[in-house]
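Residues per chain are reported as follows:
Number of protein chains: 2
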Amino acid sequence: MRGLLYSNGKLQYRSDLPKPVPQSGESLIRVLKAGICRTDLEITRGYMDFSGVPGHEFVGVVEQSPNPAMVGSRVVGEINCGCNACAICKGGLQTHCADRTVLGIKGRDGAFAEYLAMPEANLHGVPDGMADEEAVFVEPVSAAYRIVEQVVVRGASVLVLGDGKLGLLIAQTLDIMGAGVTLCGRHRNKLAILDGTTINAVLEGELKKGKQYDVVVDATGVPAGAAKGMALTRPRGSLILKTTTAEKREIDLNLAVINEISVVGSRCGSFVHGMAIMETGKLKVRNMIDSEFPIEEGLRAFEAAGKPGAMKILLSF
Amino acid sequence: MRGLLYSNGKLQYRSDLPKPVPQSGESLIRVLKAGICRTDLEITRGYMDFSGVPGHEFVGVVEQSPNPAMVGSRVVGEINCGCNACAICKGGLQTHCADRTVLGIKGRDGAFAEYLAMPEANLHGVPDGMADEEAVFVEPVSAAYRIVEQVVVRGASVLVLGDGKLGLLIAQTLDIMGAGVTLCGRHRNKLAILDGTTINAVLEGELKKGKQYDVVVDATGVPAGAAKGMALTRPRGSLILKTTTAEKREIDLNLAVINEISVVGSRCGSFVHGMAIMETGKLKVRNMIDSEFPIEEGLRAFEAAGKPGAMKILLSF
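First to last, the sequence lines map onto chains A and B. Numbering follows the working numbering, with no gaps: position 128 of the first sequence is 128. Numbering follows the working numbering, with no gaps: position 87 of the second sequence is 87.
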């Protein structure tokens, strides 16, 4: 099959990839569209030591499934696949199973190929009214919503650092959930996506001097974001970390102690929540799409996604 | 008056220190006993750029006060003194006032001298049944209790890293509050203080391989403690930071994101709670006292407190 392969530090397009063979409990999905995320770029810089087909934001059609009712359905999928045998999985926390595979990130080929296989239990049907271009956002919107489960955002002053795709989705999701949101970015064109919302979208120099926030979210995607966020968090506030980088980062832990700041790592969220946020119809996702490339032009797509200021790049099959 | 002075990077004993002059709302307190804490040692290594009389763990007698009923009372005192004018102070969070002074730590002479002055509102009377040697522990026990306000400890598996004074007090406090506590230290003689309690006190090599804990507390007092604690915290668990050091520290923030760990800075607690824990009568504090020095031998006392394995060193007047 056609797809992208990352191996030996190199990303390449291949037309001879073996079609995945679904294991017990797994469905085979034909990918319709997939989105390139910053994590995918980090992976091609060595993050997670991944080798295989990358890609974890997708929408596809079920071609084979242990649940016959699913065949033919348009689906999105939760990316963490637990072992279902350990105590953590049995407690329902498959997303943190030590032996988990993660679609296109860890031990499991991902969505940048014609077909992928994943557990049927991870799949969620896509409502008819939701276009493919929207459905690929369920994964990052679920990750955005995860913050709502971790800290109280309703009524809180929230600063989101970073006007990349995830930052824009987080700002919108927390706004919908009742926070007073400021988003701080570097690109006027990206901030403009939030025009007409109640979000205060500003350039770095426009942040109110000396103001600190109840909750600060580092969605910058760069190593310096965490330290910058710490300085903007009020005493006893929370700094949410969404950024993972291949490089190590340093933050001033004395500041965390003295100001009693909670630094909270935040990753994937349940698609039930992400879907619910999508279904409010309030998220502006379509104007976050930069361009779409056929899988054959996947390397060009990665190049485009890596350009400063790039918005969401989609791959189609 | 007699006391210790830290200035220009040097700690010295002086008999000619000026007696403090209480400002509006402040009481003058004659110090009976004071405890040397690791923070005091860090201060003599440059932490907080403090200059003046160090010391913040004390018990004393009120000699002058805007509240006449307090004169003659034996007291302990909360160490953060807010400006009482800013929004943070008006919200009741004087401990985090940006303009606060902190007894013997920031902008206010401390307890390693015959007299100190501090706001009357910060003082707490000491019950008659509580000896001076016990009362000096109210401050660190309150700091230990602060953790109970930050994370759910009842029923949680808690690992306390560090068998120094604070580590031993934290382990005992969380044990009293219903956590399942393991304390990991380096000194058999210190671990032995917990004999007869339900705390599992172990040397580093004796920790159960591969086990992670719901809550890990870094009370090591050394830069490496935070990273070590992170690795021992279960996914979605909490790492509580009690350690402040003059040196910068690095932790793997990717690990915080991937395992969704909350890294929670923790500082001072209310003396109401510390006193309540002390009054349970269950804390073993007396056998944590190493020795007592008259203030004239304060430099020797600091030397003793800085020795590896030292327990609580008291100063008397």
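These are computed hints drawn from the structure, not numbers from a lab. One or more of the hints may lead you astray.
It does not matter which identical chain is meant; a pair holds if it fits inside one copy or across any two.
Result set (DSS-like, lysine-lysine): computed pairs, CA atoms no more than 27 Å apart in a straight line [as the list claims (entries may be wrong)]:
1) K106 <-> K282
2) K90 <-> K106
3) K211 <-> K106
4) K209 <-> K10
5) K282 <-> K10
6) K10 <-> K90
7) K106 <-> K228
8) K228 <-> K208
9) K284 <-> K10
10) K228 <-> K248
11) K33 <-> K208
12) K33 <-> K248
Checked hints:
In this assembly of identical chains, K106 and K282 lie within 27 Å of each other by CA distance neither inside one copy nor across copies; the values are 33 Å within and 49 Å between. Proximity of K90 and K106 under a CA criterion of 27 Å is satisfied intra-copy only: 21 Å inside one chain copy versus 50 Å between copies. In the homo-oligomer, the alpha carbons of K211 and K106 lie at most 27 Å apart only across protomers (23 Å), although the nearest pairing inside one protomer, at 40 Å, exceeds that limit. Taking CA atoms no more than 27 Å apart as the test, K209 paired with K10 passes in neither setting, with 44 Å inside one copy and 37 Å between copies.
Within a single copy, K282 and K10 get their C-alpha atoms no closer than 39 Å, and across copies no closer than 62 Å, so neither meets the 27 Å cut-off. For the homomeric pair K10 and K90, neither the shortest alpha-carbon distance inside one copy (37 Å) nor that between copies (58 Å) is at most 27 Å. Taking the shortest Cα distances, K106 and K228 sit within 27 Å of each other only across copies (24 Å), while inside one copy they are farther apart (29 Å). Within a single copy, K228 and K208 get their C-alpha atoms as close as 14 Å, which meets the 27 Å cut-off; across copies the closest is 37 Å, which misses it.
Taking identical chains as interchangeable, the C-alpha atoms of K284 and K10 are never at most 27 Å apart, the minima being 34 Å within one chain and 61 Å between chains. Taking the closest pair of Cα atoms, K228 and K248 come within 27 Å of each other both inside a single copy (15 Å) and across two copies (16 Å). Taking the shortest alpha-carbon separations for K33 and K208, neither the intra-copy value of 40 Å nor the inter-copy value of 46 Å comes in at or below 27 Å. Within a single copy, K33 and K248 get their C-alpha atoms no closer than 33 Å, and across copies no closer than 45 Å, so neither meets the 27 Å cut-off.
Violated hints, listed in ascending order, are 1, 4, 5, 6, 9, 11 and 12; each of the other numbered hints is respected by the structure.
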